[in-house]
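Trainee: Line by line, the protein sequences are chains A and B.
Residue numbering for the first sequence follows this note's numbering, beginning at -17 and increasing consecutively.
Residue numbering for the second sequence follows this note's numbering, beginning at 9 and increasing consecutively.
For the record, the hints were derived by calculation from the structure and aren't laboratory data.
This structure is a prediction, so every number in the text was calculated from the model and none was measured.
Glycine included, each C-beta is placed from N, C-alpha and C at the ideal position.
Among the clues, some could well be false.
[Unchecked claim] According to the in silico footprint, chain B covers these stretches of chain A (three or more CB under 8 Å from chain B): (1) 10 to 19; (2) 42 to 52.
[Unchecked claim] With a cut-off of at most 16 Å between alpha-carbon atoms, the simulated EDC-like pairs for lysine to aspartate or glutamate come out as follows: (3) B:180 <-> B:169; (4) B:139 <-> A:23; (5) B:195 <-> A:8; (6) B:130 <-> A:8; (7) A:-1 <-> A:32; (8) B:141 <-> A:8; (9) B:149 <-> B:169; (10) B:139 <-> A:8; (11) A:21 <-> B:196.
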Amino acid sequence: MTKNTLQLTEKIKHLVKARLAVLPPDSLISIGSYGSFTKTELISHVEKDDAIGRVITEIEMEYLRSLKQGIFYA
Amino acid sequence: MLKLVITRPSYETTTKYLFAWNQKVIKTAKIKSVETTDLSKQYATKRNLTDALFQSKPDLVFLNGHGAPDMIAGQDNEILIKAGINEDILKGKHVHALSCETGKILGPAAVSIGAKSYIGYKEPFVFIASKGKAAKPLSDKRASLFLDPAIEVSLSLLNGDSPTASYKNSQKATLKTIRALAASGKKDSFLLRYLFWNLKHQVCLLQTK
């Protein structure tokens, strides 16, 4: 991994963790067969960059990309 | 008369929610006089499903539970159907899988071997629940924003709608929720990202032969 890619990955992680941090504390996120998680648990999975962390990162990034494409104006 | 076989495992949070929401489906099936084989909890096994599909010869098969790209599970994660092993038991059926990822491999395999249609998800199905509501899932308004649009497929198929129309009804119901949440500007707008995810990854596969 190049230095730039590493920096981008860290920036994405930071962004996703920040977005997860604002979830209400009483929410439980069910991600299919992976199970149900609190926001604190999800932040930890993103930090570890494991399978659950990567799914939640993809959800966040796909949504942000869609916003950029103007999903609310389609 | 329409015939339905439905699996409803219930053994941890996610399956308990799916089980509860599918009570609405069972109720609708009764109202519509659909002959229903309800394989719930410990009855959601591979043997029971295979027997029910062979004996009842249903038009509709609704599968609820955990899944992976090539398989769907029943009670306590027992594999019910796996691509390359027994997807042929879905031949001639319209299938709705409220499960993760089966639209990737299992769905296409089932349709290629003769299932009339397969509606499911090609990525994990995500929903947000509220802590403390697991004992009474149907009282969880947050979860209803995800699960009501999801079961719209089953309700539409029971209503006699085509698979394509049923898929579109589910997509419309999700979009309606998304628009209402986006317009409200309320704190629940954090749910939008997960609703979009389900919307984007729900698939409707049709028999083309």
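Trainee: Hint compliance check: list the failing hint numbers for this structure, sorted ascending.
Mentor: Hints 6 and 9 are the ones this structure does not satisfy, whereas the remaining hints hold.
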